[in-house]
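> Sequence:
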Amino acid sequence: MNDRVLILPLTIPLITRLPNDHPIKLLRQGHGICTNSRVAYSLNKVTKNIIFGDGRMTTKTETLAKFSSELKFEDIPSEIVERTKDCIIDTIAACTFGSELPWSKMMISHAMTTSGSGNVSIFGPEGYKVQPAMAALANGLLSHSFELDSLRMPSAGMHAGASIVPCAFGMGQELAASGKDVITAFTAGIEVLTRIAQSSNHSSEDIGFHNPGINGGFGGGMAAGYLMGHTPEQMTNTLGIAGSLCSGLLEFAMSGTGGMVKRLHLGRAAESGILAATLARDGFTGPNTVLEGKFGWMNVFCRGAVEEKLTEELGRRWDAERIVFKRFSCHITSHTPVQGILDMKAKYGFSGDNVAKILLEGDKKCGTHHDIPEPADVMLGQYSNNFCIALALFKDPRDPRNFNQESIEDPKIREVCRNVEIRELPEADKFEYALGSRLTVTLKDGRTLKHDAPSFKGLPIDPLDRASLWEKFSKLCYRLGEKEAERLFEQLCNLDDIEDISKLDVTGKV
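Residue numbers for the sequence shown follow this note's numbering, beginning at 418 and rising by one.
FYI, nobody ran anything at the bench for these hints, they're computed from the structure. Cβ coordinates follow ideal geometry from the N, Cα and C atoms, glycine included. Possibly wrong hints are sitting among the right ones.
Unchecked claim - Dumping the calculated DMTMM-like pairs for lysine to aspartate or glutamate here, alpha-carbon to alpha-carbon at most 25 Å: (1) LYS900 <-> ASP917; (2) LYS764 <-> ASP813; (3) LYS900 <-> ASP816.
Claimed, not checked - Using C-beta positions, here's what the derived DEER-type ranges look like: (4) ASP492 <-> GLU517: 36 to 42 Å; (5) GLU496 <-> GLU916: 20 to 26 Å; (6) HIS527 <-> ASP869: 31 to 37 Å; (7) MET474 <-> LYS764: 55 to 61 Å; (8) GLY544 <-> ALA593: 15 to 21 Å; (9) ASP846 <-> GLU491: 43 to 49 Å; (10) LYS867 <-> SER768: 15 to 21 Å.
Taking the hints into account, I'd like the entire structure generated from these sequences.
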């Protein structure tokens with residue numbers, strides 16, 4: 418094998434994390450050459466690209482891998498650190514609430530039976546611990562088990578909390594990592610995941626794939642790989658392996674049956690991240706063009722993908738600041754209309770019994786994917802704009818326990834469901850926030866009321882503060898008891914001060 422020359426930037430954060438006998442460790446500041454029997458490494462003060470001896474520039478996949486491997490806690494702005502902690506807090510709360518649901522119990526039983534004992538927590542008061550990959554599978558599903566987990570705006574079709582937190586926190590427990598390391602791992606994951614998701618140009622779901630199922634493993638893999646101390650080459654292999662583990666079909670939304678499988682997509686994504694990083698650690702390889710290659714992710718799972726978005730403003734734009742936190746236990750497209758219904762009820766004083774029909778005008782996706790007037794089960798109800806609007810007329814949508822089969826079968830709610838018409842909002846009337854909506858409510862007394870709902874609290878333009886986050890956390894973690902919930906919330910707020918997260922009790926188990 419011919420020697421290669423690898424030209425690297427002057428400052429290489431990963432040096433401190435490499436073995437002492439690694440060739441890069443032998444280099445000095447400035448421009449120098451170190452050779453061994455296989456590789457020649459060179460530091461260059463000018464270039465920011467990696468160039469191989471055969472004249473080949475790095476692929477976009479390799480650029481993302483290198484960024485993730487070299488990221489340091491000190492590189493991350495303080496406001497991004499706080500936002501990351503918020504996402505971890507929010508995800509653990511979603512898992513804790515989700516742990517009592519029927520489909521979650523099935524997955525927990527599977528994880529316990531398949532894995533046996535381990536060091537990584539399945540979130541919830543039961544205090545179960547299993548091996549990292551099984552914990553990621555369970556916690557990914559739990560995170561997404563009731564439409565409570567975070568996502569990103571402008572929309573990119575990804576769920577950072579459910580995809581990355583099970584990998585970052587789980588591998589952190591396994592390796593007794595510090596809170597700062599977990600935060601850095603999450604940040605590496607979200608910066609890569611967001612750019613991959615954005616590159617799809619919102620096309621994957623048009624051809625039948627469920628976005629977070631096919632992109633989440635990349636982010637989880639970067640988080641897990643970071644905590645394992647992966648080199649850029651190992652990170653590249655992690656991405657290469659994760660690309661062949663992508664899965665998740667949208668048929669659950671079309672068939673009217675089988676809604677539980679949607680929850681599984683995020684579990685498999687998180688599990689894939691751990692699996693890919695673990696195999697890469699052991700020398701398993703994957704293609705270094707897995708994202709942009711002829712038969713790579715962008716060309717197989719997308720139509721009209723934009724390759725430049727893969728590395729757009731990498732290291733300059735921090736996507737954690739664009740995380741969106743949900744207050745309602747339903748699909749994100751329902752959040753502005755549900756908020757609008759609450760605002761209209763407060764302003765005009767009507768109730769669900771007074772409503773004859775409703776016109777919702779919103780994003781195109783509301784009509785193509787979420788116009789479900791007769792949802793068969795809770796998952797499809799949460800996915801249905803019609804149902805979520807109807808439920809908000811009769812019950813408090815801020816309490817996730819109201820999204821239940823009893824509500825699905827409630828004759829008053831079902832009647833309103835059937836009388837919700839959904840149209841795409843005319844281009845000239847669209848809001849700055851893409852999922853803003855307009856409601857026209859016709860009452861049985863003949864009155865017609867109109868209301869614009871351009872946004873909701875939880876968006877980057879109106880973020881949840883810690884008080885609002887605690888309100889959500891306390892509702893979702895009610896099974897822990899108030900004292901334990903307060904204790905856990907406070908410790909997670911100070912995650913960057915924790916030296917060993919394996920010693921943090923995330924279950925509240927007595």
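> For every hint, state whether the structure bears it out.
Here's how the hints hold up against the structure:
no.	hint	verdict
1	LYS900 <-> ASP917	holds, 22 Å
2	LYS764 <-> ASP813	holds, 16 Å
3	LYS900 <-> ASP816	holds, 20 Å
4	ASP492 <-> GLU517: 36 to 42 Å	holds, 39 Å
5	GLU496 <-> GLU916: 20 to 26 Å	holds, 23 Å
6	HIS527 <-> ASP869: 31 to 37 Å	violated, 46 Å
7	MET474 <-> LYS764: 55 to 61 Å	holds, 58 Å
8	GLY544 <-> ALA593: 15 to 21 Å	holds, 18 Å
9	ASP846 <-> GLU491: 43 to 49 Å	holds, 46 Å
10	LYS867 <-> SER768: 15 to 21 Å	holds, 18 Å
Checked against the numbered hints given earlier, the structure breaks only hint 6 and satisfies all the rest.
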